[in-house]
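> So the sequences go chain by chain: A and B. At position 217 of the first sequence the residue is numbered 217 (this note's numbering), and the sequence of numbers has no breaks. At position 28 of the second sequence the residue is numbered 573 (this note's numbering), and the sequence of numbers has no breaks.
Wrong hints could be hidden among the right ones.
Label pairs and their computed distance ranges (CB to CB) [what the hints assert, rightly or not]:
{"no.": "1", "chain 1": "B", "residue 1": "I621", "chain 2": "A", "residue 2": "I211", "range": "55 to 65 Å"}
{"no.": "2", "chain 1": "B", "residue 1": "A624", "chain 2": "A", "residue 2": "W160", "range": "30 to 40 Å"}
{"no.": "3", "chain 1": "A", "residue 1": "I531", "chain 2": "B", "residue 2": "K631", "range": "13 to 23 Å"}
{"no.": "4", "chain 1": "B", "residue 1": "T599", "chain 2": "A", "residue 2": "L520", "range": "49 to 59 Å"}
Now the stretches of chain A that chain B is said to cover, found in silico as 3 or more residues with beta-carbon under 8 Å [what the hints assert, rightly or not]:
{"no.": "5", "stretch": "7-20"}
{"no.": "6", "stretch": "205-214"}
FYI, nobody ran anything at the bench for these hints, they're computed from the structure. Where a beta carbon is used, it is the ideal one built from N, C-alpha and C, also for glycine.
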Amino acid sequence: MPEKVIQPLFHISTADYIIIGIYFLFVIGIGYFLKKYMKTSLDFFLSGRTIPTWVAGLAFLSANLGALEILGMAGSSYKYGILVAHFYWIGAIPAMLFLAVFMMPFYYGSKARSVPEYLVLRYNEPTRAVNAISFAIMTVLMSGISMYAMALIFQILLGWDLNTSIWLSSIIVLIYITFGGLTSSIYNEVLQFFLIWLGLLPLPFLALKDIGGWNALLKRIPEGFTHLWSVTGTANSNPMGIEYLGVILGLGFVLSFGYWCTDFLVVQRAFSTKNIRASQQVPVLASFYKMFVPILVVLTGLLALALFPGQLGDYPKQPYDMALPLLINKYYPVGLIGLGITALLASFMSGMAGNVTAFTTVWTYDIYEAYINKNATDAHYLWMGRIATVVGVILSIGTAYIAMQYRSIMDFMQTIFGFFNAPLFATFLLGMFWKRTTAWGGFWGLVSGICSAAIMFFWLLPDKVFTSSMAGNFWRAWWAWLVCFTITIVVSLFTKPKTIEELKGLVYGYRVTDEDAKALAWYKKPEVWAILSVIVLIILNIMFW
Amino acid sequence: METKKAITSSLEAKERIEKTFAVTAEKHDSLDIRLPIGLITGIYGLILIMLGITDPHASTVLNININLIWGAVMCIFAALFLIAHKLSVNKKT
Chain A
1 MPEKVIQPLF HISTADYIII GIYFLFVIGI GYFLKKYMKT SLDFFLSGRT IPTWVAGLAF
61 LSANLGALEI LGMAGSSYKY GILVAHFYWI GAIPAMLFLA VFMMPFYYGS KARSVPEYLV
121 LRYNEPTRAV NAISFAIMTV LMSGISMYAM ALIFQILLGW DLNTSIWLSS IIVLIYITFG
181 GLTSSIYNEV LQFFLIWLGL LPLPFLALKD IGGWNALLKR IPEGFTHLWS VTGTANSNPM
241 GIEYLGVILG LGFVLSFGYW CTDFLVVQRA FSTKNIRASQ QVPVLASFYK MFVPILVVLT
301 GLLALALFPG QLGDYPKQPY DMALPLLINK YYPVGLIGLG ITALLASFMS GMAGNVTAFT
361 TVWTYDIYEA YINKNATDAH YLWMGRIATV VGVILSIGTA YIAMQYRSIM DFMQTIFGFF
421 NAPLFATFLL GMFWKRTTAW GGFWGLVSGI CSAAIMFFWL LPDKVFTSSM AGNFWRAWWA
481 WLVCFTITIV VSLFTKPKTI EELKGLVYGY RVTDEDAKAL AWYKKPEVWA ILSVIVLIIL
541 NIMFW
Chain B
546 METKKAITSS LEAKERIEKT FAVTAEKHDS LDIRLPIGLI TGIYGLILIM LGITDPHAST
606 VLNININLIW GAVMCIFAAL FLIAHKLSVN KKT
């Protein structure tokens, strides 16, 4: 660790600290007021299935919109241009809508309390174990890694000590989730959503006004930086080094579906609503919010490129992640800067809270209840949830300190986590839409998919085969998905299928009838809103073709 | 033998889920989130307005009193949320 004192980028004053302090008071206060509603384990882990749709929808999106992502994506836009919008549009919205329209009825209808629990209902205990254990480990480690990365950023921006950042944010997150469980986590995600928009939206306005408008901006950045598709004919014709087929198959299909449709961290938000229709509406609603996120990240990245060309890059230049902070520093006065920092802090802390709540749910229902203590009372599991919260936070802190010591191992671990996500989507797809998929078909498909991802990364298709490591990720994800898909089908054909009784409510064709949904007016149907979302998505893609 | 074991584990899981849902039969209200959102954005809006009035030339690059303008925007936003909260409270009682 460099011991030398670095001059912080921002100069913040008392007013800014007051704004940050008010935020801390509010999040702890919300947790405190929610405590009395946490009577059963279902209240704690799934908010008693009482969260209003619009709240769950905002949380669904915010759980994924961490501070690191905002800074990182703004930096990527500085580096790659508008191509980064693919991560928001093709790389998220189709998957979110698929989850809403096709998968949510089975997730919610099965009454599974977590994503791994759907796997035990549909497949068998070993399949659940693979997913539950890998998810629990990855979630805690990721939470620690991002905590360290965030502490580093606060050190650069504000001159805060790494230890202070880590302990302060952990303790506040710990207090509010131990009080209010998932509800606390969701409420803080919604609060974060508004703080992010209110805290960062003045930035593109001010910078655009300074630069002289949209057309003046286009003149100051390279031509290829403002097109989504017309530059993706070959891998060499665009800054990202990836062609359209890689974008569609790898990012648009496997990676985004693998994440949005199977990652419990986001799906848990939809589980917290009151019925199937509401749970379907959650990702649809989130898809509309998601379309506008590029205003905050891609547009600011492009503005930073126009205003500070050549200033960011590989060492010894400032890192790309500094694109957004440089703009804040240039345009925000005292007060607004405090609000901007609060927005980043809020999005970081709620990201951590989301990780910890997902971890505690999977730990309690899918590991503790499933394998360690099967027949305890509900009150015991609620207690266990609170203990797991404390343990989850402590493990995250520990990981943050390990990350501090061994920086390169951490980047490597993130790649390894990627092995688990891509094949999982094939397991869910076949599980939900093909009755014939058998328990062991699912298990061996998933295991071989994970192994094939690892084999490709280390031996068959390492990064150096591709024009960029991003292209490598996209293509390996696609092949790992295909391996899982094929092996699941082959093994299923040779093993005994599950009975209709077991598959009820879990598979397409044996869907539980949703009485509430039948009487719905057309404009209240999630499918109608999903189609509207697709239309807007297509228009956006044509606009920036 | 293998498939038989799988059946029991799925059914066992189903039983445990039913147990959890049986405990949480009654649905209850929770804190209305519009209240804290309205309060915090309102407080922030007022702080920004105050800063905008006391130091109108804080922003050096552009000649815009962004604290004052954005403070006002946040206050309007806060008012909408607090009104929505008030309406929902009135509806219940």
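> All hints are to be evaluated individually against the structure, with a verdict given for each.
Hints, verified against the model:
| no. | hint | result |
| --- | --- | --- |
| 1 | B:I621 to A:I211: 55 to 65 Å | 27 Å, violated |
| 2 | B:A624 to A:W160: 30 to 40 Å | 34 Å, holds |
| 3 | A:I531 to B:K631: 13 to 23 Å | 35 Å, violated |
| 4 | B:T599 to A:L520: 49 to 59 Å | 53 Å, holds |
| 5 | 7-20 | holds (count 3) |
| 6 | 205-214 | holds (count 3) |
Checked against the numbered hints listed earlier, the structure breaks hints 1 and 3; every other hint is satisfied.
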